[in-house]
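All chains, please: the whole structure from these sequences, using the hints.
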Amino acid sequence: MQREGHFPVMLPEVLDTLAPQDGGVYLDGTFGGGGYSRALLRSASCTVHAIDRDPDAIKRGQPLVAASEGRLHLHQGTFSAMKELAGHHGPFNGIVLDLGVSSFQLDQEERGFSFRHDGPLDMRMSTDGLSAADIVNGEKEQALADILYHYGEERRSRRVARAIIESRQSGPIQTTGQLADIIRKAVPKERPNFDPATRSFQAIRIAVNDELGELERTLETAPGLLAPGGIFCIVTFHSLEDRMTKRALARLAGRMAGPSRHTPLAMQQTEAPSFELLHTRPRTPSDQELNLNPRSRSARLRALRRLPAHGASA
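All residue numbers for the sequence shown refer to this note's numbering, where the first residue is 31 and numbers rise by one.
Hint data in this document are derived by calculation from the structure and do not stem from the laboratory.
What follows is a set of in silico ranges between Cβ atoms, one per label pair, in the way DEER data are often shown:
1) PHE37 with GLN199: 37 to 47 Å
2) SER200 with GLU250: 43 to 53 Å
3) ARG189 with GLY53: 54 to 64 Å
4) GLY107 with LYS170: 26 to 36 Å
5) HIS180 with ALA302: 27 to 37 Å
6) ALA339 with PRO202: 56 to 66 Å
7) GLN199 with HIS118: 47 to 57 Å
8) GLN106 with LEU337: 25 to 35 Å
Straight-line alpha carbon distances no greater than 27 Å define the calculated DSS-like cross-link-like pairs of lysine-lysine that follow:
9) LYS170 with LYS219
10) LYS113 with LYS89
11) LYS170 with LYS215
12) LYS276 with LYS113
Beta carbons: idealized from backbone N, C-alpha and C, even for Gly.
This is the structure:
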């Protein structure tokens, strides 16, 4: 039986933005369940290179590789390493990233991503590095509060951090259920259908996987891998990612605020931008998608196109 919720988020909008062409070469930086890659392969006679840091995702993708007749190639690693993993297969006519957690990961309690399932406190998208349990049980109170505040925008971060410290004095916090109960007792419920543990779980997951660092490095690398006319398409899920993406794409498209009249002329940018924004505002999920997949409610799609006059960097 198929697990609930395996929908490629904003798939029609992603395909409309990328407009895949026969003979094109595309990069899916977040393979996950293979939804975007499969759709690209069906939409055009193109080649797709796909990346995922999760070895389980690479294993799940093998039947699709076999069925693609040489048009799909999987690479295990982080999408911030896309140049090292797949750059020599470019330049790319399109690059797409879905920054959300894979539904496979959310629905598998043993991965420890969700407070809706009681499982080991893990949250690693790969199988190496520090786990959520290492951070929750090892960090000092102030460091925990900083993680919760900066990555989860949790206004009661100090209260949650203090509750975690007090709880672990009687033994390590080992499961998602334990952690969620601690947070729920420390943070009052704000509104119906919003779990008080949501922000803190997001913050710890971001810290475990260095998600903002990954995004920052990718925003610097991916545009240079585009062919002339190539499109970089990103689907974000929370405000921290979206702000970073918005600013980076605007800067590349020359859309940042103009320089101060006090700035010396030598320091003012005079070169024409190499990129253009495809949308001045982010695209959002359709009402139909929101009804089918409530997890998509916070999704935002932004996109950048490399202008034809500029080639890709080597």
